[in-house]
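Could you put together the complete structure from these sequences and hints?
Respectively, the protein sequence lines represent chains A and B. Its first residue numbered 1171, the first sequence is counted upward by one per residue in this note's numbering. Its first residue numbered 22, the second sequence is counted upward by one per residue in this note's numbering.
Treat the hints loosely; a few may be bogus.
[Unchecked claim] Taking lysine-lysine and the BS3-like style, the derived pairs with C-alpha atoms no more than 27 Å apart in a straight line are:
1. Lys1525/A - Lys1462/A
2. Lys1570/A - Lys311/B
3. Lys1820/A - Lys255/B
4. Lys1706/A - Lys1672/A
5. Lys255/B - Lys1755/A
6. Lys1272/A - Lys24/B
7. Lys1875/A - Lys311/B
8. Lys1272/A - Lys69/B
9. Lys1755/A - Lys1820/A
10. Lys69/B - Lys1430/A
11. Lys1570/A - Lys274/B
12. Lys1636/A - Lys1199/A
13. Lys246/B - Lys103/B
14. Lys1874/A - Lys311/B
15. Lys91/B - Lys277/B
16. Lys1272/A - Lys155/B
17. Lys1430/A - Lys155/B
18. Lys62/B - Lys1430/A
19. Lys1570/A - Lys319/B
20. Lys103/B - Lys255/B
21. Lys103/B - Lys91/B
22. Lys1570/A - Lys1874/A
23. Lys1874/A - Lys62/B
24. Lys206/B - Lys75/B
25. Lys1875/A - Lys319/B
26. Lys255/B - Lys1430/A
27. Lys319/B - Lys1272/A
28. Lys1570/A - Lys1820/A
29. Lys246/B - Lys1570/A
30. Lys69/B - Lys1874/A
31. Lys311/B - Lys274/B
32. Lys1570/A - Lys255/B
33. Lys1430/A - Lys24/B
Since the hints were made in silico from the structure, they are not lab data.
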Amino acid sequence: MASWGEASESRLIGKRIPRLSGKDKVTGKAKYTFDINRPGMLYGRILRSEIAHANVVAIDLSEAEALPGVKAVIPIIEVGKKIRYQGQEIAAVAAETDDIAKDAIRLIRVDLEELPHVVTEADAMAEGAPQIRDDWEGNQSNPNVREEGDLAGGFAQAAVEVEATYHAPVQTHVCLETHGHVAEWEDDQNLTVWASTQAVFGTRRDLAGSFNLPANQVRVITEHMGGGFGSKFGPGVEGRTAAELARMTGRAVKLMLTRKAEHLVAGNRPSMIQHVRAGATSDGRLIAYDMKGYGTGGISSGAGFQAPYVYHVPNLRTEKMNVAVNVGNQRAMRAPGHPQGAFAMDSLMDELAEKLGMNPLEFRRINDPNETRQAQYTLGAQEIGWHRRNSVPGSGTGVKKRGMGVGSGLWGGGGGPGTQARVTINSDGSVEAVTGTQDLGTGVRTAIAIIAAEELGLNPTDISVKIGDSEPGLPSGGSGGSQTMASVAPIIKTAAAAAKQKLFEHIAPQLEAPVEDLRVGNHTIYVVSDRTKTIKWGQATGLLGMESITESGQWDEELRQGGVAGTQFAEVEIDTETGELRVIKIVAVQDCGLAINRLTTESQINGGVIMGLGQAILEERFMDAQTGRMLNANLEDYKVPGTFEIPEIKSIVFDTHRKVTGVGEPPCIPTPGAIANAVYNAIGVRVRELPITPDRILNALAEKKA
Amino acid sequence: MEKFSYVNATSLEQVTALLSDSGWGEVMLIAGGTDLLAELKEYVETPKTLVNLKTLPGMDGIEADASGLKIGALTTVADIAKHPTIQHHYTVLAQAAVSVATPQIRNVGTLGGNLCQRPRCWYYRDETTDCLKKGGDICYAVDGLSKYHAILGGDPVYIVHPSDLAPALIALGASVTIVGPEGEKTMSLEEFFTLPAANPYRENVLQPNEIVVSVQVPPAKPNTKSFYLKAREKGAPDFALASVAGVFEMDGKTCKSASVVLGGVAPAPWRSKEAEAALAGKIIDDTVSKQAGADAVKDAQPLNDNTYKVTLTQNLVSRAAMMAAS
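Okay, structure coming up:
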């Protein structure tokens, strides 16, 4: 049975190893799509609608076409079609400079017949609201109803009940590198695209389909990319447009989204509004749960969320709906549906515990069926100093009050088959590991080097890792669902093992030993039964002469495992006079299976916590009902965490087994719930709406006073 | 942004002459550019000519002596923040300066630009929204999203003045010197700023052909304590949800006189004569400071989303007063 071996046998795996691309990134040497400049390259720009709902009556491109330096102008939407959200693409240009392209899109004349819009959930659900989807009746989808057990019977057993409404607004991805591509045609049959994508092969497939080309005539390159978080799984309108402009002009075209467009059209995490009534028995068992909720994913659907979550409820009824609004579509965003669901569920758990007069952690212990999380509760509570929390919420003295809270999460991340990879040992001793995955900042590049180096007795820096390119024709899936590591790691290990085996077979006669007696470590191959028989790595590979060894691997189910549990504890401090909130510390205990690289695993946890913190205390999309526009499609009023907001983060890699599991998404899940509960513990008044900003804190304190 | 010509200024006469040829928006002045460039990029302003003031001689620098402070309009916010005399004797100004934006912006942003910066209002800053401030019919904040808008002096335009330096300087009794075609004039900085009721399109009395050249601050009185308290959602960079510049002349716990100016809550830096009256001549204690806070916001008229600013402002004023007594 394949295995990663014992921790004591691992020289590299599980250790803290700096990422291979770190130096290039901090020195600016690393080339992101934004940094790609091709000879003769043109700049593309897209004209977008500022109107949220309209019929397209006419588009006149002539003035834009006449502007000197403009090389191509194309319509994207057809006359007679409908604009359904602000930011929707109307037309695009390619020009000699980005400034000319900017000027040119402003010369495109568009005649729009404005239609009534709805951009908020409340407006969409109001009686008489304009119908904005042709395929729905009203602006709400049919409810998705789930029933288990006996709800009325459950409530009959309940000693306490809580009824509350929890609200999380739309959050956008805020990829630091906006979506975009550089497209270049070698001839009319061969297209190369540098893409800021989390799916190199998915982008290749989409573009090949769009241009009716065999897939192997489209090459997609993503050497480095600046964040995707679920929003970058294909070329999108902007990628196809870049390629079309390049095709028309015979020149390379760079087309990157503006920050504004990034907020408007490049995806978002849907909102959640849930009204829940729940009951618990006097001995602390969650017994009944009745939830009716909705959210908006923009003009599309997909606004699901987890409810109930993590904790076991025997009797439940849930009813969920999508609400359509004239706003850009949702896309998967780091653990889709989980953080907002966890915020509501963990808030509810605390409210029930308080009614029962129980420590909220004890209430969780009773209702959480997951053994891993049970152990994490103990560890996390120790790390944060749970005994220091206010036993009576809000009982701290002074203007600044501190509190502590806890939240939980779960995720899959078990990976799957489909990745192809090869490991090559060259006669000069160099080693290449090649596969078509991409590193969206998670550290998979370094992990591949670690796995191959561990297997071959080399150092990670000895391995040349070639990823983020479809050219070698070794497909791998998109980096989503925290699946990358568990999909890629097993195949790299088996490919490296196979290559090693081939090398051993080649040199066994030289060492006068059976192949199975050979081992490699510290750049030396030796015979396990006679340690005097050794050969240096470079000498051994030199024996390959003109040949090299290339082996592909097999994905092995035994090397990976899905399913992780996580819990987080937060300590916050609130200035009760100004409503200003400071997160003091987050303890994140994250189950993750075998951490190939402990350093980058901790970074993943840190990053998830920071993203969850942004959702908890800062991030909110503001839609204006009057104009139909997003008011904060920038980074001034759409606020993301900066250095002042980022607290001490204690990221605990909670190894439970030695199989690889992805951990990209789960660390952002428990954060908002833990922070919301800490806020309550600090001030004794509950904020049931995210983000927990000074206005909401002051309003809540004022209500309590009144 | 639209194309514009760029002129390096050589003298104030040349600058006022260039400005005199047109009304607002045709010829614009640029120093640090931290506000103006964003307006150009968003097409909120589309000038034909930019006049670069940084080439003007003698307009930056801080003179500190027995007669007080004289600060040139081109002095950077960073230089104000780190000036030892300002830090020791005009603390409120140093605290306000260091609260501005980020180190990068403070390093290039100037005093003149900070005082004359335009509102951050998200309706005003959106090119396609034709709001009252830009000559349209309505202030969208009234029925729209107004979390960051005015609670005092708003009617009919509910922007807030974003400057941190202005409340501090007004609290210190500063005056401003302006040069126009007719020469130089000096006025109190408090009177420099105007409310929308007087002029919905501008935030100060500056005429299209005038330029701010310097700010003067009278000598600090002995036994004065001063503070700038700024509440915000983010540590940095962020504009004030509300701020208070307080200058208190103290005799032990007794406040001989107080100067209290609010930022982030009104279309102009808002001098709270009510809070000053509540403190002057009083022994400052919890009751007195709370009264000063309550008096500061007694005329507040919040919009849909900014009632919290009333509480916040009230608490900041009380806190500043208590700090003066401690």
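Status of each hint after checking the structure:
Pair hint Lys1525/A plus Lys1462/A holds up; C-alpha atoms about 22 Å apart against a cutoff of 27 Å. Taken as a hint, the Lys1570/A and Lys311/B pair is honoured in the structure, with Cα atoms around 18 Å apart against an allowance of 27 Å. Under the criterion of a C-alpha separation no larger than 27 Å, the hint pairing Lys1820/A with Lys255/B is consistent with the structure, at around 22 Å. With a CA separation close to 16 Å, the supplied pair Lys1706/A and Lys1672/A stays within the 27 Å bound.
A C-alpha spacing of about 17 Å is found between Lys255/B and Lys1755/A, which places the hinted pair at or below 27 Å, so the restraint holds. With a C-alpha separation of about 11 Å, the suggested pair Lys1272/A and Lys24/B falls inside the 27 Å cut-off, and the hint holds. Straight-line distance between C-alpha atoms of Lys1875/A and Lys311/B comes to about 16 Å, which keeps the hinted pair within the 27 Å bound. Note on Lys1272/A and Lys69/B: the hinted pairing holds, with a Cα-Cα distance of about 18 Å set against a maximum of 27 Å.
For the hint linking Lys1755/A to Lys1820/A, the alpha-carbon distance of about 8 Å falls within 27 Å, and the restraint holds. The suggested pairing of Lys69/B with Lys1430/A holds, with an alpha-carbon distance near 26 Å, which does not exceed 27 Å. At most 27 Å may separate the alpha-carbon atoms for a hinted pair to count; Lys1570/A and Lys274/B meet this at roughly 24 Å. With a CA separation close to 17 Å, the supplied pair Lys1636/A and Lys1199/A stays within the 27 Å bound.
Only pairs whose Cα atoms come within 27 Å are accepted, and Lys246/B paired with Lys103/B is accepted, the gap being roughly 18 Å. With a CA separation close to 19 Å, the supplied pair Lys1874/A and Lys311/B stays within the 27 Å bound. Between Lys91/B and Lys277/B the CA atoms are separated by roughly 26 Å; this keeps the pair inside 27 Å, and the hint holds. Restraint check for Lys1272/A and Lys155/B: the C-alpha separation of about 23 Å stays at or below 27 Å, so the hint holds.
As the CA atoms of Lys1430/A and Lys155/B are separated by approximately 21 Å, the hinted pair is consistent with the 27 Å bound. Proposed proximity of Lys62/B and Lys1430/A is supported: the alpha carbons are some 12 Å apart, at most 27 Å. As the CA atoms of Lys1570/A and Lys319/B are separated by approximately 26 Å, the hinted pair is consistent with the 27 Å bound. For a cut-off of 27 Å, the pair hint linking Lys103/B to Lys255/B stands: about 22 Å separates their Cα positions.
In summary, the hint linking Lys103/B to Lys91/B is supported, as the alpha carbons are separated by about 15 Å, within the 27 Å threshold. Between Lys1570/A and Lys1874/A, the direct Cα distance comes to roughly 17 Å. Compliance with the 27 Å bound is thereby established for this hinted pair. Of the pairs offered as hints, the one joining Lys1874/A and Lys62/B is violated, with about 45 Å between alpha carbons and a cut-off of 27 Å exceeded. Only pairs whose Cα atoms come within 27 Å are accepted, and Lys206/B paired with Lys75/B is accepted, the gap being roughly 22 Å.
Taking the CA atoms of Lys1875/A and Lys319/B, the gap is about 19 Å. The hint holds against a cut of 27 Å. Between the alpha carbons of Lys255/B and Lys1430/A the distance comes to roughly 21 Å, so the proposed pair stays at or under 27 Å and holds. Distance check on the hinted pair: Lys319/B and Lys1272/A sit about 48 Å apart at the alpha-carbon level, beyond 27 Å; violated. Taking the CA atoms of Lys1570/A and Lys1820/A, the gap is about 23 Å. The hint holds against a cut of 27 Å.
For a cut-off of 27 Å, the pair hint linking Lys246/B to Lys1570/A stands: about 23 Å separates their Cα positions. A C-alpha spacing of about 55 Å is found between Lys69/B and Lys1874/A, which places the hinted pair above 27 Å, so the restraint is violated. A hinted pair counts as satisfied when its Cα atoms are at most 27 Å apart, and Lys311/B with Lys274/B qualifies at roughly 15 Å. At roughly 17 Å between alpha-carbon atoms, Lys1570/A and Lys255/B fall within 27 Å of each other, so this suggested pair holds.
Note on Lys1430/A and Lys24/B: the hinted pairing holds, with a Cα-Cα distance of about 22 Å set against a maximum of 27 Å.
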